[in-house]
Amino acid sequence: MQFTIVSLFPEFFDSFLSCGLMAKAVEAGVVAVDRVNPRDFALDRHHTVDDRPYGGGPGMVMGLPTMAAALRSLPRPGKLLMLSPAGKPLTQQMAGELAGEEALTLLCGRYEGIDARIFDLFDITPVSVGDFVLSGGESAAACLMEAVARLVPGFMGKDASADEESFSSGLLEYPHYTRPEVFEGLPVPPELLSGHHAAIADWRRRRSLETTLGLRPDLFDQTAIGVADADFLRSRPRTRSGRNMHLGLVHGPVVLKDGKVGTVSLTNLDVHDIARVSRTYGLGGFEVVSPLRDQLTLAGRIVDHWRTGPGSRANPDRGEALSLVRLHEGLDAALAAVAADHGREAALVATSAKGPATLSFAAAREMIRARPVLVVLGTGHGLAEEVLARAEGVLPPLRPFSDYNHLSVRAAAGILTDRLLGDAS
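So that you can map any letter, position 211 of the sequence shown is 211 in full-length UniProt numbering, and since no number is skipped, the others follow by simple counting.
Source of the hints: derived by calculation from the structure; they are not laboratory data.
Check the hints yourself; a few may be wrong.
[Stated by the list, open to error] The calculated BS3-like cross-link candidates involving lysine-lysine, where the alpha carbons are at most 30 Å apart (straight line), are:
# : residue 1 : residue 2
1 : LYS257    : LYS354
2 : LYS24     : LYS79
3 : LYS260    : LYS354
Hey, can you work out the whole structure from these sequences and the hints?
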């Protein structure tokens with residue numbers, strides 16, 4: 001495979017290309033690497049490659065004349081890639097696809113980047129190695145080169161080695177062990193010493209599943225697993241981080257249709273469906289708030305029917321979900337109940353379909369991992385301002401850019417809970 005690096009600092013790659021498997025691959029001719037410096041195409045005596053940005057602002061921008069000339073000089077450019085935080089994330093799947101190319105050209109930006117018209121002149125694919133900013137694209141290019149090159153036949157001493165690594169099957173890799181069998185009282189898992197190939201393969205698969213669930217549960221969104229894998233994961237003890245989260249459904253004070261603040265009636269379907277969401281995601285509880293005592297009495301009858309009455313015998317699963325429901329006359333009572341469950345003060349987090357948001361989903365996930373949190377949703381036309389004002393944060397709307405932002409509260413509860421917990425609960 002042919003790599004061409006376009007960089008203002010081609011010497012950056014000296015060490016990278018002279019050690020380890022990459023050096024052996026270059027020596028064996030498995031990969032070839034050329035380095036091109038845009039400065040060599042500058043026409044002035046200062047070898048200028050950058051200029052001030054139009055519109056003002058700090059920093060300099062790499063200009064087009066030298067960059068375009070450098071790219072047009074390449075005899076075998078192949079697929080053009082630019083390392084950029086705005087690019088498509090580099091994944092193992094992408095690395096595998098790029099390994100099938102005969103040639104790749106990697107553009108390494110510097111300063112504030114490259115004049116955006118480069119994309120109009122050339123067919124360039126931006127690629128990102130992570131959600132962070134580097135001083136230049138060189139270290140990112142090295143990451144991409146190694147990820148791709150090691151999948152080229154002949155790069156690794158044993159090509160099958162790449163088949164069992166992290167992300168090769170969409171999951172993280174299982175842990176590895178070597179001699180001695182016991183070190184400072186820590187033994188090697190007995191399955192790996194058994195010599196039983198099927199047992200070893202089964203142990204490795206299960207450890208891979210456990211590691212992925214514990215560290216990167218988001219990978220299951222991209223990877224289909226079989227029934228046996230799902231059964232195994234379901235049987236494992238979980239961290240149950242969802243226990244820290246309670247859903248709250250507030251019927252008053254909320255915004256009414258006419259814009260005034262008041263109370264709306266409780267809905268049977270809301271109680272049922274949000275209770276089922278709460279049980280599915282392993283939440284600590286579902287707190288229903290209404291200042292109307294007759295509404296709470298009605299809700300109590302519904303819950304008792306399924307929890308301890310005839311409904312519990314007809315549909316035990318429904319009763320299990322509704323056992324999470326607690327009824328409160330006010331938000332203070334709901335917060336006190338959550339705090340009593342956990343032995344510490346609970347944080348109040350609000351939701352709004354209108355915004356503005358003051359708490360990101362990422363920050364809310366961290367909050368839920370650290371402490372008990374009551375996440376409240378409003379009925380009617382949303383929570384009253386007095387509820388939003390007392391919350392520690394307001395989550396972003398679920399569909400902020402939609403021209404029809406009118407999800408039912410039941411649907412919103414399910415989507416919201418999945419965004420906050422996913423498979424981590």
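Comparing the hints with the structure gives:
1. The hinted pair formed by LYS257 and LYS354 meets the criterion: a straight-line CA distance of about 14 Å does not exceed 30 Å.
2. Restraint check for LYS24 and LYS79: the C-alpha separation of about 24 Å stays at or below 30 Å, so the hint holds.
3. A distance of roughly 16 Å separates the Cα atoms of LYS260 and LYS354; the hinted pair therefore holds under the 30 Å criterion.
In the structure shown, no violation is registered for any of the earlier numbered hints.
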